[in-house]
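Chemist: Read off the chains here:
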Amino acid sequence: MLTTSAFIAFIQAYTNRLDELQPLLDQLDNQIGDGDHGTNMTRGFHAANERLTSTPADDLGALSQAVAMTLLSSVGGASGPLYATVFLRFSAQWKGQSQVDAKDITEAIVQARDGLVARGKAQVGEKTLIDVWSPAAQTLQANPTESGILAAAKAAAEAAVGTRELVAGKGRAAYLGERSRGTCDPGSVSSAVFFEEFANAIVGGVEKTPWPTLVS
Amino acid sequence: MLTTSAFIAFIQAYTNRLDELQPLLDQLDNQIGDGDHGTNMTRGFHAANERLTSTPADDLGALSQAVAMTLLSSVGGASGPLYATVFLRFSAQWKGQSQVDAKDITEAIVQARDGLVARGKAQVGEKTLIDVWSPAAQTLQANPTESGILAAAKAAAEAAVGTRELVAGKGRAAYLGERSRGTCDPGSVSSAVFFEEFANAIVGGVEKTPWPTLVS
Amino acid sequence: MKKLMNEVGHYVDQMLDGMVLAHPELRRLPGTTVLVRAEKADKVALVSGGGSGHEPAHGGFVGPGMLDAAVAGEMFTSPTPDQILEAIRAVHGDQGVLLIVKNYTGDVMNFEMAAEMATMEGIHVEQVVVDDDVAVQNSTHTIGRRGIAGTVFVHKIAGAAAEAGYPLETVAAVAKRAIDNVHSMGVALSPCTVPASGQPSFQLADDEIEIGIGIHGEPGVRREPIRSADDVVDTLLDTILEDAAVQAGDDVAVLVNGLGATPLSELYIANRRIARRLAKQGVNIQQTRVAEYMTSLEMAGFSISLLKLDHELAKLLNAPATTTAWRS
Amino acid sequence: MKKLMNEVGHYVDQMLDGMVLAHPELRRLPGTTVLVRAEKADKVALVSGGGSGHEPAHGGFVGPGMLDAAVAGEMFTSPTPDQILEAIRAVHGDQGVLLIVKNYTGDVMNFEMAAEMATMEGIHVEQVVVDDDVAVQNSTHTIGRRGIAGTVFVHKIAGAAAEAGYPLETVAAVAKRAIDNVHSMGVALSPCTVPASGQPSFQLADDEIEIGIGIHGEPGVRREPIRSADDVVDTLLDTILEDAAVQAGDDVAVLVNGLGATPLSELYIANRRIARRLAKQGVNIQQTRVAEYMTSLEMAGFSISLLKLDHELAKLLNAPATTTAWRS
Ligand SMILES: Nc1ncnc2c1ncn2[C@@H]1O[C@H](COP(=O)(O)OP(=O)(O)O)[C@@H](O)[C@H]1O
Ligand SMILES: Nc1ncnc2c1ncn2[C@@H]1O[C@H](COP(=O)(O)OP(=O)(O)O)[C@@H](O)[C@H]1O
Ligand SMILES: [Mg+2]
Ligand SMILES: [Mg+2]
Ligand SMILES: [Mg+2]
Ligand SMILES: [Mg+2]
Chain R
1 MLTTSAFIAF IQAYTNRLDE LQPLLDQLDN QIGDGDHGTN MTRGFHAANE
51 RLTSTPADDL GALSQAVAMT LLSSVGGASG PLYATVFLRF SAQWKGQSQV
101 DAKDITEAIV QARDGLVARG KAQVGEKTLI DVWSPAAQTL QANPTESGIL
151 AAAKAAAEAA VGTRELVAGK GRAAYLGERS RGTCDPGSVS SAVFFEEFAN
201 AIVGGVEKTP WPTLVS
Chain G
1 MLTTSAFIAF IQAYTNRLDE LQPLLDQLDN QIGDGDHGTN MTRGFHAANE
51 RLTSTPADDL GALSQAVAMT LLSSVGGASG PLYATVFLRF SAQWKGQSQV
101 DAKDITEAIV QARDGLVARG KAQVGEKTLI DVWSPAAQTL QANPTESGIL
151 AAAKAAAEAA VGTRELVAGK GRAAYLGERS RGTCDPGSVS SAVFFEEFAN
201 AIVGGVEKTP WPTLVS
Chain H
1 MKKLMNEVGH YVDQMLDGMV LAHPELRRLP GTTVLVRAEK ADKVALVSGG
51 GSGHEPAHGG FVGPGMLDAA VAGEMFTSPT PDQILEAIRA VHGDQGVLLI
101 VKNYTGDVMN FEMAAEMATM EGIHVEQVVV DDDVAVQNST HTIGRRGIAG
151 TVFVHKIAGA AAEAGYPLET VAAVAKRAID NVHSMGVALS PCTVPASGQP
201 SFQLADDEIE IGIGIHGEPG VRREPIRSAD DVVDTLLDTI LEDAAVQAGD
251 DVAVLVNGLG ATPLSELYIA NRRIARRLAK QGVNIQQTRV AEYMTSLEMA
301 GFSISLLKLD HELAKLLNAP ATTTAWRS
Chain L
1 MKKLMNEVGH YVDQMLDGMV LAHPELRRLP GTTVLVRAEK ADKVALVSGG
51 GSGHEPAHGG FVGPGMLDAA VAGEMFTSPT PDQILEAIRA VHGDQGVLLI
101 VKNYTGDVMN FEMAAEMATM EGIHVEQVVV DDDVAVQNST HTIGRRGIAG
151 TVFVHKIAGA AAEAGYPLET VAAVAKRAID NVHSMGVALS PCTVPASGQP
201 SFQLADDEIE IGIGIHGEPG VRREPIRSAD DVVDTLLDTI LEDAAVQAGD
251 DVAVLVNGLG ATPLSELYIA NRRIARRLAK QGVNIQQTRV AEYMTSLEMA
301 GFSISLLKLD HELAKLLNAP ATTTAWRS
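Protein sequence lines, in the order shown, are assigned to chains R, G, H and L.
Going by full-length UniProt numbering, the first sequence opens with residue 1, and the numbers climb by one from there.
Going by full-length UniProt numbering, the second sequence opens with residue 1, and the numbers climb by one from there.
Going by full-length UniProt numbering, the third sequence opens with residue 1, and the numbers climb by one from there.
Going by full-length UniProt numbering, the fourth sequence opens with residue 1, and the numbers climb by one from there.
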């Protein structure tokens with residue numbers, strides 16, 4: 001069950017994790033991109049958090065819409081429209097609802113994944129956050145329950161680590177060709193953290209992955 | 001007595017000394033100017049030497065004129081017009097003559113000094129090559145003989161060393177004001193070397209001043 | 001890092017202020033990072049933009065004969081869709097809007113979202129994506145090539161087409177033809193430093209250059225030993241000429257673009273080689289531009305852009321334009 | 001030292017070649033370092049020049065509305081009288097020639113000798129000497145102030161006066177009035193390296209700036225800790241304003257001149273402060289120029305030039321000019 005207060009707590013918790021991980025995400029992006037993924041994400045989610053303090057907290061659709069619009073207007077770059085798309089799809093799915101169940105959540109995540117693919121036109125295996133969103137959505141679809149949400153977070157983390165071996169086919173890292181191999185995709189890591197905090201806000205008891213030691 | 005062959009030997013000897021002293025002259029100019037006096041002088045006198053190989057060697061006036069025009073068209077900067085003026089005055093003074101005596105030499109040096117003052121508008125004490133040409137010309141005027149030429153070279157060397165204590169009032173060093181004190185004026189040093197090689201070509205037996213140890 | 005700036009968070013804002021204070025022919029939409037012409041024109045409107053740090057791009061190309069609006073993002077970061085939408089709203093008349101976008105995932109997605117929003121508001125929007133950087137291999141398996149300095153030619157040609165009263169579809173078609181015919185490649189002699197990070201974007205040894213550089217401080221496609229200007233020009237030009245399939249008798253325009261810290265004298269030394277090589281191949285240079293058009297902050301280096309001209313492209317390139325960074 | 005060049009001895013020669021190859025409206029007198037307009041004009045002729053390394057100065061200001069010829073010396077070294085004489089001979093008609101010289105001993109003497117030679121050939125030559133650098137104290141005991149970027153305003157105004165058909169004495173008088181009314185001062189954030197020496201012209205620590213810099217890589221008048229752009233602007237502007245005795249209600253033109261490696265964005269940040277301070281003092285800015293006009297190779301830094309305008313100077317400043325580096 002995701003309530004509006006759990007949603008707000010999720011955004012807050014994710015923002016805190018991004019603050020912690022900003023250097024790591026910048027560093028990963030520096031190795032295979034332009035070094036700003038952590039900076040972009042923290043800028044966006046700090047703004048989103050701020051925005052939520054003045055958003056009526058009774059409609060998950062409105063809250064998601066507020067996050068989406070804030071990310072859209074504060075991030076820029078590739079990750080801005082992508083993460084904004086996620087929350088726009090959440091908003092469409094949860095419009096007018098003050099709480100949603102695992103089925104609604106599953107549908108929203110699947111919709112978000114489809115939105116990301118439509119927006120970024122990346123396929124699985126191209127070393128983008130699609131490599132995380134795709135297995136996470138599939139795991140949830142196969143098991144649209146609270147335990148499925150936990151399983152999705154686990155699948156997301158594994159997939160993010162797995163991007164290390166891939167050669168980028170989309171995004172800035174693609175210009176490096178073979179040289180993009182050997183570094184985890186920063187957007188995939190921020191997405192895995194997303195699923196971790198998402199599951200923790202809804203189900204609770206999720207252990208934090210030690211990303212810095214795992215991927216740097 | 002200055003013959004045409006002594007004149008040519010003088011230009012050659014002076015060029016050799018400039019080659020030796022180029023780093024020192026550049027360094028002095030770097031401290032209080034723009035660091036190119038040695039480069040400018042060697043560029044000019046190498047060209048003059050070259051030019052003399054194709055100049056009929058029977059007229060001191062024509063030889064001086066050739067040197068003057070070559071310096072004018074190859075040096076630029078402040079030292080180009082100044083040293084060119086020296087040889088233009090020599091040329092006017094020695095026109096049509098294949099050899100000149102100490103009196104003719106004295107008159108040419110005095111004319112050159114006057115030309116330098118007219119061209120650069122510097123007074124004695126302003127830390128320019130006038131501080132060398134002026135005492136040298138005076139020494140010669142007081143004693144317009146071969147021994148006077150030797151005395152002029154000595155006076156020139158002393159005056160060049162003496163510019164160290166002066167504050168520049170003309171030339172690029174003037175922008176430094178008080179900070180120009182403590183470094184010998186590069187144009188004064190190249191002028192002192194000029195008198196040294198000039199005296200050696202005419203009278204002979206002049207000892208070379210160890211400029212690098214003396215002024216740097 | 002030594003920068004002439006105040007608080008780093010105000011860099012873009014203060015730069016835009018300084019720009020409109022210098023150029024009364026530019027106006028900044030209040031509360032945005034959008035520069036528009038002081039006077040709105042009745043024609044197809046052109047909007048471009050991208051991250052900051054490329055000055056004079058893109059604001060320097062706003063004016064009669066070129067762009068109607070330029071949207072500035074954070075340093076080397078695509079602008080956000082809301083800003084782009086503000087630009088579209090401000091400049092569109094009833095003849096539609098063309099967005100000129102450089103091919104970077106971020107730029108493409110942000111402009112696309114803005115276009116969708118504008119379309120929802122009933123504004124007719126078309127988009128062209130510039131991908132002139134031949135350093136990046138082109139193949140159907142990749143995201144395609146980056147957009148670099150050749151974009152300025154596209155601004156100029158689309159601008160002249162719009163000014164000439166062409167309808168939106170035709171302006172877009174002409175812009176696409178310019179894109180198909182422009183090929184660019186750059187080289188860096190030193191990296192740049194984004195003010196917020198304070199760290200050089202990469203490290204180059206004293207005897208190394210970075211070939212095939214982008215315009216955001218990213219490393220290029222390979223690192224090589226430094227060599228003579230003529231040799232460096234040849235490396236870039238060989239790749240460009242091969243890719244552009246330029247032949248004897250072809251008409252071209254040349255853009256020698258400084259990346260920020262390279263003296264104009266060095267750009268002219270490069271142009272000497274470019275002009276001589278093209279002349280030797282029987283290629284006719286109709287126009288040469290040598291200056292800073294699309295920079296990477298204080299990066300040392302340059303890029304060459306070659307635009308193959310047909311009759312119409314040549315006419316449009318030569319049409320009058322009066323912006324702060326391009327006049328003809 | 002990383003430079004995009006070939007043999008260092010050919011630097012100036014190849015730069016000039018590259019320049020005329022880029023700009024067919026310029027012509028190089030064969031065997032010289034002189035650039036002239038492709039078409040000779042029937043009016044008072046203007047000749048300027050100086051050492052190389054200041055590009056686009058001085059060749060970039062040759063063209064209708066500005067100079068008739070620019071003479072380039074070796075790097076940061078005054079050109080020689082024979083080259084200047086060639087320029088005078090090439091451009092003089094029957095209305096005389098004005099030489100516009102920057103106040104450096106070398107430049108003054110070389111131009112003076114050329115003027116004497118030209119006079120001996122029966123050409124009527126006048127000379128004005130620009131000394132706009134207020135960093136250098138002015139007093140009767142010194143050689144006076146250096147000529148720096150404000151020289152470009154003098155080129156423009158004298159150029160317009162000549163184009164308007166003024167006789168030589170009047171062109172010279174107007175140029176002198178521009179010189180009397182232009183005040184400049186610069187600052188360096190990093191030194192430059194002359195190709196032949198390969199050594200930086202001075203050393204600055206990471207937190208130091210050099211105030212009151214000349215344009216030949218010479219050190220400035222003092223070294224200070226780095227600080228905000230606004231503070232640096234204030235330091236320069238305070239000195240300029242005091243010296244220029246600019247008052248509320250005065251009309252001025254502003255030139256924010258990049259020294260070579262400073263991004264345009266930083267120049268605009270500086271201009272924001274300049275414009276606001278002048279506005280606050282009630283000074284009317286009639287025109288602002290922000291770009292590289294008179295550089296010191298790849299030196300980082302900038303200079304501010306303030307030209308006080310009367311009615312005629314304003315008219316001449318705004319008159320049309322089409323050169324490669326100045327258009328109006
Ligand atoms: N076409 C795409 N589809 C999906 N994700 C993408 C795409 N392009 C980039 N990304 C994701 O965006 C991340 C980079 O984001 P960020 O660094 O914030 O933006 P930018 O690349 O504009 O600097 C990458 O790590 C990748 O996961
Ligand atoms: N007005 C002047 N009168 C006499 N000598 C001068 C004058 N200005 C400069 N000089 C001499 O010129 C020398 C500098 O020459 P140089 O470095 O070759 O030229 P520049 O100063 O143009 O670089 C100074 O050391 C000084 O002796
Ligand atoms: Mg990035
Ligand atoms: Mg010197
Ligand atoms: Mg980015
Ligand atoms: Mg010099």
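Any given hint could turn out to be false.
When the alpha-carbon atoms are kept at most 30 angstroms apart in a straight line, the in silico DSSO-like pairs for lysine-lysine are as follows [unchecked claim]: (1) H:43 to H:2; (2) R:208 to R:154; (3) G:103 to G:121; (4) L:280 to H:2; (5) G:121 to G:154; (6) L:40 to H:40; (7) H:308 to H:43; (8) H:176 to H:2; (9) R:121 to R:95; (10) G:170 to L:43; (11) R:170 to R:154; (12) L:280 to H:280; (13) G:170 to L:176; (14) L:176 to L:2; (15) L:176 to L:43; (16) H:280 to R:121; (17) H:176 to R:170; (18) G:121 to G:170; (19) L:2 to L:43; (20) R:121 to R:170; (21) R:103 to R:121; (22) L:2 to H:2; (23) L:176 to G:121; (24) G:154 to G:170; (25) H:315 to L:43; (26) L:308 to L:176.
Treat the hints as calculated values from the structure; they're not laboratory data.
Chemist: CA of residue 40 (chain L) to CA of residue 40 (chain H), is that 30 angstroms or under?
Modeler: The given pair, whose Cα atoms are some 40 angstroms apart, is violated under the 30 angstroms limit.
Chemist: Going straight from one Cα to the other, do residue 208 (chain R) and residue 154 (chain R) come out at no more than 30 angstroms?
Modeler: 11 angstroms, holds
Chemist: Below or equal to 30 angstroms on CA atoms is what counts here, so check residue 121 (chain G) against residue 170 (chain G).
Modeler: Given that 30 angstroms is the threshold and the Cα spacing comes to 8 angstroms, the pair holds.
Chemist: Take the C-alpha atoms of residue 280 (chain L) and residue 280 (chain H), compute the straight-line distance between them, and say whether it is at most 30 angstroms.
Modeler: 58 angstroms, violated
Chemist: Check whether the Cα positions of residue 103 (chain G) and residue 121 (chain G) lie no farther apart than 30 angstroms.
Modeler: 26 angstroms, holds
Chemist: Taken at face value, is the distance from the CA of residue 176 (chain L) to the CA of residue 308 (chain L) at most 30 angstroms?
Modeler: 13 angstroms, holds
Chemist: Between the alpha carbons of residue 176 (chain L) and residue 2 (chain L), is the straight-line distance 30 angstroms or under?
Modeler: 40 angstroms, violated
Chemist: Holds or violated: are the alpha carbons of residue 308 (chain H) and residue 43 (chain H) at most 30 angstroms from each other?
Modeler: 26 angstroms, holds
Chemist: Between residue 43 (chain H) and residue 2 (chain H), does the CA-CA distance stay at or below 30 angstroms?
Modeler: The given pair, whose Cα atoms are some 44 angstroms apart, is violated under the 30 angstroms limit.
Chemist: Against the 30 angstroms threshold, does the CA-CA distance of residue 176 (chain L) and residue 121 (chain G) hold or violate the hint?
Modeler: 22 angstroms, holds
Chemist: Between residue 121 (chain G) and residue 154 (chain G), is the straight-line Cα distance small enough, at 30 angstroms or below?
Modeler: 25 angstroms, holds
Chemist: Taken at face value, is the distance from the CA of residue 2 (chain H) to the CA of residue 2 (chain L) at most 30 angstroms?
Modeler: Roughly 19 angstroms between the alpha carbons, so the hint for residue 2 (chain L) and residue 2 (chain H) holds.
In this structure, the earlier hints numbered 1, 6, 8, 10, 12, 14, 16, 19 and 25 are contradicted, and the remaining ones agree with it.
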